[in-house]
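What follows is the residue order along each chain.
There are 2 protein chains.
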Amino acid sequence: MTDTAPTPVFLDCDTGVDDALAIAWLVASPGVDLVGVGAVSGNVAAATGARNTLDLLAMLGREDVPVHLGAHDFLDHPFTGGAPHVHGADGTGGVALPRAVTEVSGTSAAQALVDAARARPGELRLLAIGPLTNVALALEVEPELPRLVREVVIMGGAAMAPGNVTAVAEANIHNDPLAAARVLDAGFDLTVVGLDVTMHQRFEEEHRRALLAAGTPVTRALGEVLEFYFAFYAQRFGRPCSVLHDPLAAGVLTGDVALALAPRVPVEVDTSDGPGRGQTIADLRGLYHGFPDHFPGAPRVALEVEGDFGAVLLERLLTL
Amino acid sequence: MTDTAPTPVFLDCDTGVDDALAIAWLVASPGVDLVGVGAVSGNVAAATGARNTLDLLAMLGREDVPVHLGAHDFLDHPFTGGAPHVHGADGTGGVALPRAVTEVSGTSAAQALVDAARARPGELRLLAIGPLTNVALALEVEPELPRLVREVVIMGGAAMAPGNVTAVAEANIHNDPLAAARVLDAGFDLTVVGLDVTMHQRFEEEHRRALLAAGTPVTRALGEVLEFYFAFYAQRFGRPCSVLHDPLAAGVLTGDVALALAPRVPVEVDTSDGPGRGQTIADLRGLYHGFPDHFPGAPRVALEVEGDFGAVLLERLLTL
Numbered sequence: 001m002t003d004t005a006p007t008p009v010f011l012d013c014d015t016g017v018d019d020a021l022a023i024a025w026l027v028a029s030p031g032v033d034l035v036g037v038g039a040v041s042g043n044v045a046a047a048t049g050a051r052n053t054l055d056l057l058a059m060l061g062r063e064d065v066p067v068h069l070g071a072h073d074f075l076d077h078p079f080t081g082g083a084p085h086v087h088g089a090d091g092t093g094g095v096a097l098p099r100a101v102t103e104v105s106g107t108s109a110a111q112a113l114v115d116a117a118r119a120r121p122g123e124l125r126l127l128a129i130g131p132l133t134n135v136a137l138a139l140e141v142e143p144e145l146p147r148l149v150r151e152v153v154i155m156g157g158a159a160m161a162p163g164n165v166t167a168v169a170e171a172n173i174h175n176d177p178l179a180a181a182r183v184l185d186a187g188f189d190l191t192v193v194g195l196d197v198t199m200h201q202r203f204e205e206e207h208r209r210a211l212l213a214a215g216t217p218v219t220r221a222l223g224e225v226l227e228f229y230f231a232f233y234a235q236r237f238g239r240p241c242s243v244l245h246d247p248l249a250a251g252v253l254t255g256d257v258a259l260a261l262a263p264r265v266p267v268e269v270d271t272s273d274g275p276g277r278g279q280t281i282a283d284l285r286g287l288y289h290g291f292p293d294h295f296p297g298a299p300r301v302a303l304e305v306e307g308d309f310g311a312v313l314l315e316r317l318l319t320l
Numbered sequence: 001m002t003d004t005a006p007t008p009v010f011l012d013c014d015t016g017v018d019d020a021l022a023i024a025w026l027v028a029s030p031g032v033d034l035v036g037v038g039a040v041s042g043n044v045a046a047a048t049g050a051r052n053t054l055d056l057l058a059m060l061g062r063e064d065v066p067v068h069l070g071a072h073d074f075l076d077h078p079f080t081g082g083a084p085h086v087h088g089a090d091g092t093g094g095v096a097l098p099r100a101v102t103e104v105s106g107t108s109a110a111q112a113l114v115d116a117a118r119a120r121p122g123e124l125r126l127l128a129i130g131p132l133t134n135v136a137l138a139l140e141v142e143p144e145l146p147r148l149v150r151e152v153v154i155m156g157g158a159a160m161a162p163g164n165v166t167a168v169a170e171a172n173i174h175n176d177p178l179a180a181a182r183v184l185d186a187g188f189d190l191t192v193v194g195l196d197v198t199m200h201q202r203f204e205e206e207h208r209r210a211l212l213a214a215g216t217p218v219t220r221a222l223g224e225v226l227e228f229y230f231a232f233y234a235q236r237f238g239r240p241c242s243v244l245h246d247p248l249a250a251g252v253l254t255g256d257v258a259l260a261l262a263p264r265v266p267v268e269v270d271t272s273d274g275p276g277r278g279q280t281i282a283d284l285r286g287l288y289h290g291f292p293d294h295f296p297g298a299p300r301v302a303l304e305v306e307g308d309f310g311a312v313l314l315e316r317l318l319t320l
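If you're matching them up, the sequences are chains A and B in order. Sequential numbering of the first sequence, starting at 1, is according to my numbering. Sequential numbering of the second sequence, starting at 1, is according to my numbering.
If you're looking for bench data, these hints aren't it; they were derived computationally from the structure. Heads up, some of the hints might be wrong.
[Stated by the list, open to error] Quick look at which bits of chain B chain A covers, simulated, 3 or more residues with Cβ under 8 Å:
hint: 1; stretch: 66-80
hint: 2; stretch: 151-162
hint: 3; stretch: 270-276
[Unchecked claim] Label-pair restraints from in silico Cβ distances:
hint: 4; chain 1: A; residue 1: P296; chain 2: B; residue 2: R239; range: 23 to 31 Å
hint: 5; chain 1: A; residue 1: P292; chain 2: B; residue 2: E140; range: 39 to 47 Å
hint: 6; chain 1: B; residue 1: R209; chain 2: A; residue 2: V165; range: 49 to 57 Å
hint: 7; chain 1: B; residue 1: G106; chain 2: A; residue 2: P292; range: 21 to 29 Å
hint: 8; chain 1: B; residue 1: G94; chain 2: A; residue 2: P143; range: 45 to 53 Å
As the structure is a prediction and not an experimental result, all values here were calculated from the model. Here a beta-carbon is modelled for each residue, glycine too, at the ideal position from N, C-alpha and C.
Sequences are here, hints too, so could you generate the full structure?
Structure below.
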């Protein structure tokens, strides 16, 4: 973030282990004014994710940030249980966070996003790291949202990389392809941070041990929460570690992660019931000649990022 | 090809500029006994491709190789004109080849393939470098074809690479997704040589000039035919050159191209009418850990090949 004043950020999430890291990143980032958080079903049910978010924000000393409950079900089909094998049934890898006294706001996540955007036209940055249901609902409330919001960064999709819930679909998009299609088509200044980049940024056991060793309540909790997630990725990588889906998107939003290759190209979400359902079909046919075609209104699709985000993330979390 | 005796090869093609290079490669390869060629619509109409094949084989001194007319239309939709902007309306880049006296056989391409396979059970290699319509029709004639044929190499599809007719679909598969699905599901020992590898193997202007300079009727004709194709790819790469789709598949078939990375993984063809239609959805989720899962009957998907095939191709063509 190049601004000197903190930038207002609204987060929509499905907390979730890596969502927890993203929330901690945002709170630890001095350039961020976290004005609100929406909860959507995804890794866990929306209500569970909201609870986790409240508890985590309290541990971070940010009980002041309102948490808004969002959609339990997706636009055209019900939520069916999330990813307990990845995040634990509770979304925090079986680690009970201290229960905060705060509760969710009386305003829905969609309405809260619209309110936050209207309150500061052209300033709000939206980080959406779960299914895009709440954002699609916000577009129904306020079709002018893309003009009111400064930019949107989403964690979701896979352009050339394999998917993670099907051969070609990433979980956030696959959970609600219709919502994703609406959000990607809405005309936001939008950056897609998907598996093409997130699969290459990792926390290793040394990072997790450093969090545990730092010994503050928050860093210890994050280190403990990561254990279950590491065990899931051990099946994928042959050693305990994790990829950094949501925190990487947060790092892109805050400007700490430079995009080495991120062309603006048309992106279509496959909303069919065919085998490609939930795929983000990015038109990368310009790949071989430096993307000479210009699609000014199209999403920016992150294909390569610079540097080792794991080290940057750890350093910032250790300030908590 | 490791056998000492030439291996019987049946070619199915839609000649086409790069098909012409593949045909020349097969004729120039001492390990190959080219027993027949089927023509299918694709780059051009099947009848045009058959005519080009007859003329080319005559130039190569192989009027003895029977050419069989195959499907004009695709399994569930009509042929609508091919790719004249890539291959020229005649499929030979506007270069008139000397008209051969030979004509197509009285046997269809599908029946000829079945006959060739039955005549030498377990020996025939099939190289299919056009839409897979004829091969799918052959499966209807002889469902045991996958047991009768030794192996199949196809040029088609895109696993992680962008498509070339849509963001995700390659032309051969997109022309007849239903046929491709049937062929990929039939249980052949099958290797998919798609855009992931073919886009990285090129003929440059120096290769084309070397063909022209060699000055035999065949090399001169190939050099001339390539001019139009080079002009098309100049739009893609910023200089006259061409990728080597079909000849690379031929090089894989003859064993001259080593596959550096080619996991056997499930491949589903998107036959829906959604935006992914014609995509070869290869399940590459094992990418990050060396493809530990084994799918013994699945197609081998070429993701990386060794070496510079352009140089190898040129050297062999210069023997003609």
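Does 23 to 31 Å hold as the CB distance between P296 of chain A and R239 of chain B, or does it fail?
27 Å, holds
If you check the beta carbons of G94 of chain B and P143 of chain A, does the distance land in 45 to 53 Å?
51 Å, holds
Is 21 to 29 Å respected by the C-beta to C-beta distance linking G106 of chain B and P292 of chain A?
With a Cβ separation near 50 Å, G106 of chain B and P292 of chain A fall outside 21 to 29 Å, so the hint is violated.
Verdict on chain A covering the stretch 270-276 of chain B, criterion of 3 CB contacts below 8 Å
Holds: 7 residues of the stretch 270-276 of chain B have a Cβ under 8 Å from chain A.
Is the hinted range of 39 to 47 Å satisfied by the C-beta distance from P292 of chain A to E140 of chain B?
44 Å, holds
Just to make sure I understand the rule, a stretch counts as covered if three or more of its residues have a C-beta closer than 8 Å to a C-beta of the chain. Does the stretch 151-162 of chain B meet that for chain A?
Contact hint for the stretch 151-162 of chain B vs chain A: holds, 3 residues under 8 Å.
Whether the CB-CB distance between R209 of chain B and V165 of chain A falls inside 49 to 57 Å
Holds, at about 50 Å.
Coverage assertion for the stretch 66-80 of chain B with respect to chain A, Cβ distance below 8 Å, three residues required
violated (count 0)
The structure does not agree with the numbered hints 1 and 7 stated previously, though it agrees with the rest.
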